[in-house]
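Q: What follows is each chain in one-letter form.
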Amino acid sequence: MLGFLKKPVVVTAEINLSLVALTVVGLMSRLWGLSYPRAVVFDEVYYGQFVSLYMKRIFFVDDSGPPLGHMLLALGGYLGGFDGNFLWNRIGAEYSTNVPVCSLRFLPALAGALCIPLAYQILVELQFSHCAALGAALLILLENSLITQSRFMLLESILIFFILLAVLSYLKFYNLQRHRVKYMGLFTYMLLLVIAGLHFWHMLGDQNLSNVSLVCHFLARGLTLLIIPVATYLSFFYVHLTLLYRSGPHDQIMTSAFQASLEGGLARITQGQPLEVAYGSQITLRNVLGKPMQCWLHSHTNTYPIRYENGRGSSHQQQVTCYPFKDVNNWWIVKDPGMQQLVVSNPPRPVRHGHIVQLVHGITTRYLNTHDVAAPLSPHSQEVSCYIDYNISMPAQNLWRVEIVNRESDTDVWKTILSEVRFVHVNTSAVLKLSGASLPEWGYRQLEVVGEKLSKGYHQSMVWNVEEHRYGKSQEQKEREVELHSPTRMDISKNLSFMAKFTELQWKILTLKNEDTEHKYSSSALDWITMDTNIAYWLHPTSGAQIHLLGNVCTWASANVAAVVYTCLSLWYLIRRRRKIYDIPEDAWQLWVSAGQICVGGWVVNYLPFFLMEKTLFLYHYLPALTFQILLIPIVLQHLSDHLCRSLLSKSMFSALTVAWFSSVCFAYRTFSPVTYGEPLSVAELKDLRWKDSWNILIRKQGH
Amino acid sequence: MGSYYINRTFFFDVHPPLGKMLIGLAGYLSGYDGTFPFQKPGDRYEQHNYMGMRGFCAFLGSCLVPFAYLTVLELSKSLPAALLTAFILIFDTGCITLSQYILLDPILMFFLMGAVLSMVKCNSCADRPFSASWWLWLSLTGVNLAGAMGVKFVGLFVVLLVGLNTIYDLWDLLGNLSLSLVMFGKHFLARVLCLILLPLTLYVAMFAVHFAVLNKSGPGDGFFSSAFQSQLIGNNLHNVSIPEHLAYGSVVTMKNLRMAGGYLHSHWHLYPEGVGARQQQVTAYLHKDLNNLWIIKKHDSDIDLLDSSSPVEFVRHGDIIRLEHKETSRNLHSHQHEAPLTRKHFQVTGYGINGTGDSNDFWRIEVVGRRAGKLIKVLRSKIRLTHVATGCILGSSGKTLPKWGWEQVEVTCTPYVKETPNSLWNFEDHINPKLPNISLDVLKPSFVEILLESHMVMIRGNSGLKPKDNEVTSKPWHWPINYQGLRFSGVNETDYRVYLLGNPVVWWLNLFTIGLYLLIAISTAVVLKRGVQLTSEHKELSRVVLCGGGQVALGWLLHYLPFFMMGRVLYFHHYFPAMLFSSMLTGITWDTLLKFFSQFLSPSTTARRVYGGGILTLILLITYSFYLFHPLSYGMIGPMASDPSSPMAGLRWMDSWEF
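Listed in order, the protein sequences are those of chains U and H.
In terms of my numbering, the first sequence has 368 at position 59, counting the first letter as 1, and numbering is strictly consecutive.
In terms of my numbering, the second sequence has 514 at position 142, counting the first letter as 1, and numbering is strictly consecutive.
The hints are simulated quantities; they were obtained by calculation from the structure and are not laboratory data.
You may find that some hints are simply not true.
Claimed, not checked - Calculated from the model, a selection of chain U residues having no Cβ within reach of chain H, i.e. all distances over 12 Å: (1) Thr551; (2) Leu686; (3) Tyr830; (4) Leu883; (5) Gln899; (6) Trp970.
As the list claims (entries may be wrong) - Dumping the calculated BS3-like pairs for lysine-lysine here, alpha-carbon to alpha-carbon at most 27 Å: (7) H:Lys716 - U:Lys924; (8) U:Lys817 - H:Lys716; (9) U:Lys810 - U:Lys600; (10) U:Lys924 - H:Lys847.
Quick reminder that beta carbons are idealized off the backbone N, C-alpha and C, glycines included.
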């Protein structure tokens, strides 16, 4: 029973000293002087805002990716006791004392440093020699661009860390845990899925395995590679949404329902509104699209001009527009066409899908109307107006059918905030739509609302939802005006489920487009291979010290050469093997292929998608791809020395060349380390650093 | 479009010229005189002779059926499968509608199916390479590829399909050790010759014909560079003789050097409120217009330089000048307000009255790659205009302004000093009575330059067709489910209406079959990989499924998936090439499936009866559904289908159909 006592307790520790040494040196290179410069550096201005918002628990949307990266940065800020009170407005602004610079920058730096031992491990797992592994780690260590990128509050180093970790984990065949910082991670994930699929396909061909065990293998892979990542991904969003429960600057791009679930903002207004829209309800109608801006159906006493600038005529009736601000003129009353009263009866009679209603403008008591007159800016659509009877045989056509788009059954009740509604005109079957154009002077630049005759399918610009809502009580117009001006009050709270919030947020992240398409340091994907552009991150206000994102020229060039050599050699081997000529032993070939799958594949999937993207691209987007390319260098070198250098002499020649090449890498690192760490430099030294004309090294003019 | 060929005037379109040339040819042969304007759908043809062109398109469209029949027959070696495919295509309302009118799509699909058929035929000749029929089919593949590429760029996908097939083929030959390397080299060269060189030659020849036929100036001129325009008869740059060097007082037009860049333009309209300063708009305009004329003046004096007494003074590289708009007498002006669309650039306006403005009207004129003090040549010098006060550079962003700017192109002053064609200009027209005119023949671009330029313009035109935010557009996922058709003509109840919509029975059968095929293919592949022993009939079936079906399924993928990544405006008819592949897949899959199941039935007569009955049921189903839906393609009059009294009301199976 106490058998285990009889055996001595032994802890066998095997410490790979070179690995430890690499980690220590890596940490030193990334962490040294971390709080310098004590100023906002480049994109910190961007990520810093999000960290502040996290600290204040204010909801935001960022289109660059899922929230894990931001959350990790915020964690650093939280641990450093950051209160979020800093105005991130300008690159180069000095940090105030309440900003824990060091702890904010610590996590990215740590991730960057840990990439070095990871690279070492990956090569070892790929069955390459420790020498090659050491080489890969050193190359990553001496890569200036990776150092620069990890020393600030930026996401790339975290992304690279997780990508490498995932590759390593798969190689070690542990349960693969996918993390995602930015969507670039997705491409590596795809690559791993494909590789896993290939491995499984080979396993299928193995006749020794029984069907049952194959199914088990398949399920296990499905579980680890699909379900766990998805679950992790969802949990990040869950934490994100739980942390950020206050309304903030990005509210308006979300739907009313989402906004209502945040504390403050819209929720303050809508709290306690009646849920079901009834005949006599007073409502504001928000267009669901939210583009070009969020707006509400609006009308005012002004009429359409009799003739437009281009000579077309109008009905001269009251304008109906979409107005981007809250206003008393945004209120409409739902009226039953069969009855005169404008108040809610007791008990309220709810409006259901398919019911026919009239919409009465609250302040002017005119009816929403559309007819066969061309709209002011979109002549193919019908004009929408509030009807004025001029006695010119133009009858009112003010009946609208309510169609709830997201209904569950055909008898659904029209609900505040939750229901998305189309208004179909009964006479002409036109649909009430926001055209997106903004009206000229006479329409006060408000947005045009039209009746779309060719209502092809579903589009968000044709869908509206009730935002503010109250049951109308006053029959007299005067009283009603007072009532319309008064704020709404009542109490029912609506909460969206997590999945609904998640889908909406995810969709918005994917479809949100940033408008700014040009930046001083933006570059095209083709420039990256040759490193034609750099990015100036920071410049000392007085001395010439500056920090640039600039790679180790030597490493970049050799990484490209390695990729080309790898491709050519592979093609050569492949064609020769097809003709049944085997140049290298079978196990060496397997090694060569699997290394290529990871490294070249990693490079391809992290690089090529950028050619399809339309967003602004920067040099740092290339870093994940570069990391894979760097890993390829020692692989190619070792292969060359093992299999192509046959004589002893050529082998030693090759080693000598390798040493010479490596010292040039070190030299390039030394040369560019001043702009990596931001050491002060004289003008002459700066000019010497400008190896390429296209590089943008900032040289302060003398005499200023 | 064919009219342009008959009238030989130059025009611009986003598609390569072959399709329009063929239509033009058909029209020419059938006596159409090219005078009908083709302005908007619904116009009556009146006395114009259009039947030849329609007949030509319809003929090509009907060729699709035998092509598909032969392809499937070759792939599956099964007559019923081929018949099933043929019936699907004969009775698909969408295919009928699409090939009845003067459109590029029937021509494209003709070449596309031709390429596929020849490829499949060529593969079946693989056992006797270098025979006459092998050469014939191989070169026919090449010819059809050139044809498909020459009609629309969508032809690229079929090129890809044939390319993949060829690579696979060669790889196979390479692994065949009984084949010497010399023989392999021959195979390789034969394919290079027939599938790369031949189509390329034809494609280039087609453009040569295109440019040779269209030698008159027409509405498409402004899209092309000055050098290109000098080739066209009737263009004001054809055989030009203008003063060579730029002088003060000259009246000029300036053209942006980006592909399809416009002329610097201004007009009597102000920027609307809220868009920078309320000054006169300056835009880039693609067409020739009096408002494109500018006068070059010195920055510091306003004397009338055209006064005959004053001496001629040339503009030199590095000079500071002022550009006055001739029609409105406003100066080209820029200031630190944000530009209307590109927010990070500065706004460019027309400012001042009768030429008097302020120091923000001064621009430094520089020629790329020239030293200070040199003269500036019209047409040939690439000019950069630097704003003196802010240091920004005049450029065109290529973005289209909204309605208030008459949908012309935005002109901005960019603070980013990067050398792109966007910020370079050249002088095109140059009027100065005091200078001698010199004929400029040096401009003649080579054929290769013209070819490259026209491709750049086409690609730019294609990517310029972007949907706006609030427009309802057709999405690729709508297509296979036949979600929504395209209205070809007629909107109202009294009109004769034609609505492009696939036969829903056919399309949903196709859609279902794609899923079914995936299931069958995966299970077959797994069974083979597991090394299960199969009978010879089953082996044959699995070969048909994996090889024959695989090729067709690949074709479907290649013609469908790329649309998901396209940013341009998409239409329902873009799916039709993919639909052809999907119909062939349907034929092959159902035939195999029925064969496989009927083999389990014991007496062979029952088996044959079940198999034949199955195919017949499918064919009858398709025929009956065509009987129901035929008014879609042959036209209908009467109330809309949303009206319950319409005879089509019962057929409106989806709310999104609008016939």
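Q: Taking the hints in turn, state whether each one holds.
A: Hint by hint, here is what the structure shows:
At roughly 33 Å, the least C-beta separation between threonine 551 of chain U and chain H is larger than 12 Å, which holds for a residue marked as non-interface. The claim that leucine 686 of chain U is not at the interface with chain H is violated, since a C-beta of that chain comes within 12 Å of its own (minimum 6 Å). Distance to chain H contradicts tyrosine 830 of chain U as a non-interface residue, since its nearest Cβ pair spans about 10 Å, not more than 12 Å. With a cut of 12 Å on Cβ distances, leucine 883 of chain U falls inside the contact zone with chain H, its closest approach being about 9 Å.
A cut-off of 12 Å between C-beta atoms confirms that glutamine 899 of chain U is not in contact with chain H; the least separation is 19 Å. Remark: the non-interface label on tryptophan 970 of chain U is consistent with the geometry, its nearest Cβ contact in chain H lying 34 Å away (cut-off 12 Å). Pair hint lysine 716 of chain H plus lysine 924 of chain U holds up; C-alpha atoms about 15 Å apart against a cutoff of 27 Å. Between lysine 817 of chain U and lysine 716 of chain H the CA atoms are separated by roughly 25 Å; this keeps the pair inside 27 Å, and the hint holds.
The hinted pair formed by lysine 810 of chain U and lysine 600 of chain U meets the criterion: a straight-line CA distance of about 20 Å does not exceed 27 Å. The straight-line distance between the Cα atoms of lysine 924 of chain U and lysine 847 of chain H is roughly 22 Å, inside the 27 Å bound, and the hint therefore holds.
Checked against the numbered hints above, the structure breaks hints 2, 3, 4 and satisfies the rest.
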